[in-house]
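Keeping their order, the protein sequence lines are chains A and B. Taking my numbering as reference, the numbering of the first sequence is continuous, increasing by one, and the terminal residue is 301. Taking my numbering as reference, the numbering of the second sequence is continuous, increasing by one, and the terminal residue is 635.
Derived by calculation from the structure, the hints in this document are not laboratory data. Ideal placement from N, C-alpha and C gives every residue a C-beta, glycine not left out. One should not assume that every hint holds.
With beta-carbon atoms standing in for the labels, derived distance ranges [what the hints assert, rightly or not]: (1) A:L66 x B:T479: 35 to 41 Å; (2) B:E590 x A:G38: 29 to 35 Å; (3) B:R510 x A:G38: 35 to 41 Å; (4) A:K32 x B:G515: 31 to 37 Å; (5) A:E25 x B:T479: 29 to 35 Å; (6) A:G228 x B:N427: 49 to 55 Å; (7) B:G344 x A:K32: 28 to 34 Å; (8) B:A629 x A:A291: 56 to 62 Å; (9) A:E25 x B:G344: 37 to 43 Å.
Pulled from the structure, derived: some chain B residues nowhere near chain A, Cβ distances all over 12 Å [stated by the list, open to error]: (10) R360; (11) N427; (12) W592; (13) R596; (14) R598; (15) P606.
One-sided excerpt, in silico: chain B residues whose CB lies under 7 Å from chain A [what the hints assert, rightly or not]: (16) P478; (17) V481; (18) V563; (19) A566; (20) V567.
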Amino acid sequence: MKPIPEQSFYEILEIPQDAPEEEIELAYQRAKALYGPGSLATYSLVAPEEMALLNRRIEEARKVLLDAGTRAGYDASLPDSPGQTLSPPPSGPPPSESPLPAAAPAEPVATSPVQPAEAAPPGPTSVAEAAPPAAAEAAAEGAAAGAAAEAVPPEPQVVPPEVDVAAAIPEPASLPPRAIEPPAPVPAVPIAAPAVAPVAAAARAGFSAPEGAAWTGEMLRQAREGRGLTLHQLAERTKVARHHLENIEADRHRLLPAPVYLRGILISLAKELRLDPQKVSRSYLEGAQAAEAQPAAPKPR
Amino acid sequence: MGEVPTLKLVSPPVPSPRRPRPAAPRPGPRTRRVISVGGGKGGIGKSIIAANLGIELSRRGRRVVLVDADLGGANLHTCLGVDQPRKTLSDFIERRIERIEEVITPTGIQNLGLISGAMDHLDAANPRYAQKMRLLRHVQGMDVDYAILDLGAGTHLNVLDFFLVSDHGVLVLVPEPTAVENAYRFVKAAFWRRMRNVAAVFGYDPLIRSLLSGNTFRSPVELVAALAQRDPDAARNLTAQLANFRPRLVVNQTRTVQDVDVGNAVVTAWRKYFGLEMDYLGPIDYDDEMWRTVRARRPLLLEHPGCRAARAFGRIVDGLLALDSAGARGERAR
Numbered sequence: 001m002k003p004i005p006e007q008s009f010y011e012i013l014e015i016p017q018d019a020p021e022e023e024i025e026l027a028y029q030r031a032k033a034l035y036g037p038g039s040l041a042t043y044s045l046v047a048p049e050e051m052a053l054l055n056r057r058i059e060e061a062r063k064v065l066l067d068a069g070t071r072a073g074y075d076a077s078l079p080d081s082p083g084q085t086l087s088p089p090p091s092g093p094p095p096s097e098s099p100l101p102a103a104a105p106a107e108p109v110a111t112s113p114v115q116p117a118e119a120a121p122p123g124p125t126s127v128a129e130a131a132p133p134a135a136a137e138a139a140a141e142g143a144a145a146g147a148a149a150e151a152v153p154p155e156p157q158v159v160p161p162e163v164d165v166a167a168a169i170p171e172p173a174s175l176p177p178r179a180i181e182p183p184a185p186v187p188a189v190p191i192a193a194p195a196v197a198p199v200a201a202a203a204r205a206g207f208s209a210p211e212g213a214a215w216t217g218e219m220l221r222q223a224r225e226g227r228g229l230t231l232h233q234l235a236e237r238t239k240v241a242r243h244h245l246e247n248i249e250a251d252r253h254r255l256l257p258a259p260v261y262l263r264g265i266l267i268s269l270a271k272e273l274r275l276d277p278q279k280v281s282r283s284y285l286e287g288a289q290a291a292e293a294q295p296a297a298p299k300p301r
Numbered sequence: 302m303g304e305v306p307t308l309k310l311v312s313p314p315v316p317s318p319r320r321p322r323p324a325a326p327r328p329g330p331r332t333r334r335v336i337s338v339g340g341g342k343g344g345i346g347k348s349i350i351a352a353n354l355g356i357e358l359s360r361r362g363r364r365v366v367l368v369d370a371d372l373g374g375a376n377l378h379t380c381l382g383v384d385q386p387r388k389t390l391s392d393f394i395e396r397r398i399e400r401i402e403e404v405i406t407p408t409g410i411q412n413l414g415l416i417s418g419a420m421d422h423l424d425a426a427n428p429r430y431a432q433k434m435r436l437l438r439h440v441q442g443m444d445v446d447y448a449i450l451d452l453g454a455g456t457h458l459n460v461l462d463f464f465l466v467s468d469h470g471v472l473v474l475v476p477e478p479t480a481v482e483n484a485y486r487f488v489k490a491a492f493w494r495r496m497r498n499v500a501a502v503f504g505y506d507p508l509i510r511s512l513l514s515g516n517t518f519r520s521p522v523e524l525v526a527a528l529a530q531r532d533p534d535a536a537r538n539l540t541a542q543l544a545n546f547r548p549r550l551v552v553n554q555t556r557t558v559q560d561v562d563v564g565n566a567v568v569t570a571w572r573k574y575f576g577l578e579m580d581y582l583g584p585i586d587y588d589d590e591m592w593r594t595v596r597a598r599r600p601l602l603l604e605h606p607g608c609r610a611a612r613a614f615g616r617i618v619d620g621l622l623a624l625d626s627a628g629a630r631g632e633r634a635r
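Extracted from the complex, chain A is given alone in its bound form:
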């Protein structure tokens, strides 16, 4: 179990990495039914932004995985060999070895509950799955311990220093149900995203983009500061986790997510900073890939 932004497309759709296309489509339909707007089971479960994020990832996953070309590129960008579950990009020093392998995400229970066919008989099917609790518990423990060992830097947002832990959980419940409708999915691989008011706007904002120069993290930082935004504000507006933004600005390429994600992040980042999304993402990705010692992932499209 890992945070949504770090789950691979396969994990998002809960399918194996060698799943055939029909299975991907089915898994997509299932996920849309479960996490899409209007789903009863996830109503008020998490904050609307998080639900929106997951929905974007689901759309992205389908788009990338159903195209043989982009899928091959994506698979190649996954750190592990096919068949392995994706381990997240190391975003911090691993604090310890977990007692159980992190790659065992509670299989005994993770198998059927999503499948509509399973639900048709009103019998308590899940109980049977829970029957070997030693195994299930061990797996759950393993998954949780694995998650513990993943050492994810905390998400942005500042919490008021509450003593009451119960109050620290975000309560989206007070919002009207319409409000949880996620925004239209952001295209993962924008072919021709409109270049929103590129360099001129940036210049107005007090930061002049060097024409033709490569976009680096440092320049993005200057662009952000030129617009008077803190990392925190930018993270809130773009819904990109702050540690990603920090890593982008510090050019810590190895800690950044796979290029497919990174591109999406860069595009929303650039849009927010009123820069040319295409230029920024391409330029930054090229720089990152050049800097990588290891063979870079093939560019999608």
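Since the structure of chain A is already known, use the hints to place chain B on it.
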């Protein structure tokens, strides 16, 4: 840690020297299992479910006591068709009666007793901490096979503590947004209370507080991950303790296949976002016989043992017993 009845801890991760295990029946009377029925929202059938689970279990030869722990709005006796009992939980809470066994009222059903909820004293709706602890201790000490607690609505700490102390915390929802919303609020509140209890017992309080002062954690996974960076051992132990938090889900008043599937969907979504498990015990079909029997103040399982909803209770009890026997096996293997 027996003196903290609100907290059930899993055995510590350090390999302890094998203690001699007591012979099969433990010395001294002890409730084998505590089931609590909660769900946050009112009017979703918690009391009816508690009553019928009690009947079903007692019919299978288990000795059961139903405890009306809805301290402000007790009406479990009405679900069972029992007249308002003379002795109630408030007599016990106010110490007019010392032993909880003396408050048990017979229900006319073999093997099934009832401890009726407080009816008179408004004070009893909000027992002091010590009174609550005493109640929990006595409930756990009863010489029966199952104590079933019918919890009130809301997320009051009393309700949460009763839920957390149970072997089976049954989470009830009906397939409606209001009930789903309250169920999530309830189960999140219960989870964070357990987290805090565990942290207090093991002295992780300052650590967790310092983590919380700088960040928002959307899920326990994130909090535990952050904790792991500071103190891997604490994170490991906390993870093990929290994995114990495993509500049993029941979806009441299902009318369609989609309604039934809400249970599976909740389990999946809960795992996806919070990395935690639930067990779906199954649906209870919406059944007109149900409200007819409620209106007549007769338990469903006595009036219409063959109807759809009644059969659903049978399946749910099957599920609970399977979890128990599997749990017992796991315990022995440990």
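### Query
What hint numbers does the structure not satisfy?
Hints that this structure does not satisfy do not exist here, as all of them hold.
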